[in-house]
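Engineer: Residue numbers (the working numbering), protein chains in the order written: chain A, 643 to 783; chain B, 643 to 783; chain C, 643 to 783; chain D, 643 to 783.
It should be emphasised that the hints constitute simulated quantities derived from the structure, not laboratory data.
Check the hints yourself; a few may be wrong.
Chain copies aren't distinguished; within one or between two, either way the pair holds.
Okay, derived cross-link-like pairs now, DSSO-like style, lysine-lysine, Cα gap no bigger than 27 Å in a straight line [unchecked claim]:
hint : residue 1 : residue 2
1    : 733       : 685
2    : 667       : 685
3    : 685       : 662
4    : 662       : 737
Protein chains: 4
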Amino acid sequence: MEINLDTVSQMIEGNQGFHKFLNMKMLEYSEENAVLTIGLPFKDDYARLPSVGDYHGGILASAMDVAGTFACMMKCGRVTPTMNLRIDYLKPAVKCDLRITAEVVRAGRNSAVADVKAQDAEGTLYAVARGGWAVMNASKE
Amino acid sequence: MEINLDTVSQMIEGNQGFHKFLNMKMLEYSEENAVLTIGLPFKDDYARLPSVGDYHGGILASAMDVAGTFACMMKCGRVTPTMNLRIDYLKPAVKCDLRITAEVVRAGRNSAVADVKAQDAEGTLYAVARGGWAVMNASKE
Amino acid sequence: MEINLDTVSQMIEGNQGFHKFLNMKMLEYSEENAVLTIGLPFKDDYARLPSVGDYHGGILASAMDVAGTFACMMKCGRVTPTMNLRIDYLKPAVKCDLRITAEVVRAGRNSAVADVKAQDAEGTLYAVARGGWAVMNASKE
Amino acid sequence: MEINLDTVSQMIEGNQGFHKFLNMKMLEYSEENAVLTIGLPFKDDYARLPSVGDYHGGILASAMDVAGTFACMMKCGRVTPTMNLRIDYLKPAVKCDLRITAEVVRAGRNSAVADVKAQDAEGTLYAVARGGWAVMNASKE
């Protein structure tokens with residue numbers, strides 16, 4: 643598998659499995675600073691209570707994991723499965739479309755670290771995440 | 643809202659929002675050691691790639707967050723929103739039904755800490771998580 | 643105890659217990675964005691191997707915990723003990739003086755979240771940390 | 643450098659740098675379950691306030707990092723620098739001697755995960771930690 647913006651966009655916007663449910667949009671990737679942004683338009687199925695429209699934490703964790711994973715993959719040019727992820731929930735996100743932005747802060751030979759933010763269009767910050775990703779050996783892929 | 647095994651089971655097995663998709667089953671709660679167990683029967687929608695049947699990390703993170711949340715809620719008798727969660731992925735889980743077990747390791751006046759494990763029926767461990775939950779004031783609920 | 647820049651500086655630069663060993667200097671606190679900076683001049687006792695001069699990870703973790711704690715204390719005007727802390731080591735720091743910068747990203751009624759960086763004078767980033775702090779009730783102090 | 647119980651004990655009980663200050667004792671290593679235990683006898687220099695005798699969080703983080711590091715090193719037979727560590731403080735430890743116990747929960751080709759506990763002689767649990775360690779390539783050491 644070649645890793646480039648096209649193949650990564652296809653994986654993020656995937657029409658099967660959990661990504662089909664998550665319905666994420668690839669928005670942009672800045673090669674210069676290794677920042678990848680995903681769009682997450684709100685839908686009722688994301689909510690803890692659809693009558694309230696409050697995002698379930700697991701949706702944020704899932705989309706932030708995806709953003710971090712593909713930022714690392716673009717930066718490293720390798721498959722980069724998530725080793726671990728810490729997410730901090732700062733305030734409830736309600737019925738808003740979200741932008742998930744991941745920045746690679748370390749890209750090593752065998753591991754990478756990325757920071758991820760979940761914000762709405764106005765820049766309000768709802769959650770932050772940080773994790774470690776394994777950088778798979780080219781020969782093993 | 644009264645917090646007891648019936649109301650908590652209803653929230654976990656909820657038929658709306660993200661919990662409807664997650665399709666979790668409340669299996670047991672041991673009051674003695676504050677351990678709550680949730681069942682997660684595999685379905686293709688959980689997969690990264692349905693042809694492979696490999697659980698998406700976000701599904702594990704979501705179910706583990708839920709298990710930790712409701713273990714803390716049962717232990718503390720309060721609403722306990724997740725403040726933060728760290729998850730470590732140990733090995734890929736493929737097509738198996740999972741048991742998600744959460745144990746409260748600290749229950750304070752304003753915060754709690756829980757440990758969560760994701761295992762299959764044979765006890766194979768696929769992921770571990772640890773997080774901090776806020777213990778809401780009774781008067782604020 | 644009153645919490646202000648003077649009392650906080652005295653606690654950080656404390657001449658007893660572990661702070662005496664750590665030998666930290668209070669550099670600045672920006673009230674506008676809740677950012678507190680501590681100086682950590684290198685000494686051999688910080689090293690894993692004094693012949694190499696490589697900072698022991700525990701020294702970084704300790705100073706970053708302190709910076710986060712006092713940034714939260716200044717921001718919240720309350721005693722703020724550390725609940726949890728995640729630190730990511732990005733590259734070895736060798737024999738350089740460090741600046742430890744902590745920024746409060748959430749200040750709630752009962753808990754706070756802060757981000758911390760360890761950098762040298764040129765801005766090279768050696769470690770990042772993020773944690774949760776309890777905000778103690780005024781009446782309990 | 644050969645990695646065995648003798649060389650690891652010497653590094654833990656090291657008479658130079660930060661380990662000299664930390665004054666840890668290697669207590670035991672169980673090869674069967676990859677559990678390593680370190681003793682940390684209380685001294686005033688560990689305290690936040692020597693008059694109180696309350697362990698500074700950084701001391702716990704440091705000793706728990708060391709225990710996790712050397713448990714991974716013994717299990718993997720490789721040098722295993724810490725990539726990241728999350729510590730949760732459960733209750734203040736005051737003037738007691740501590741036992742720091744690290745258990746390797748995953749030992750992969752390039753990374754490992756360990757769980758660490760800080761307890762007193764009676765088994766009271768003061769802090770828990772979990773982290774990721776890099777497993778260095780034999781040829782790079």
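Engineer: If a hint holds in the structure, say so; if it doesn't, say that too.
Structural biologist: So, going through the hints one by one against the coordinates:
{"no.": "1", "hint": "733 <-> 685", "result": "within (18 Å within a copy, 31 Å between copies)"}
{"no.": "2", "hint": "667 <-> 685", "result": "both (14 Å within a copy, 24 Å between copies)"}
{"no.": "3", "hint": "685 <-> 662", "result": "both (13 Å within a copy, 14 Å between copies)"}
{"no.": "4", "hint": "662 <-> 737", "result": "both (20 Å within a copy, 18 Å between copies)"}
Checked against the numbered hints listed earlier, the structure breaks none of them; every hint is satisfied.
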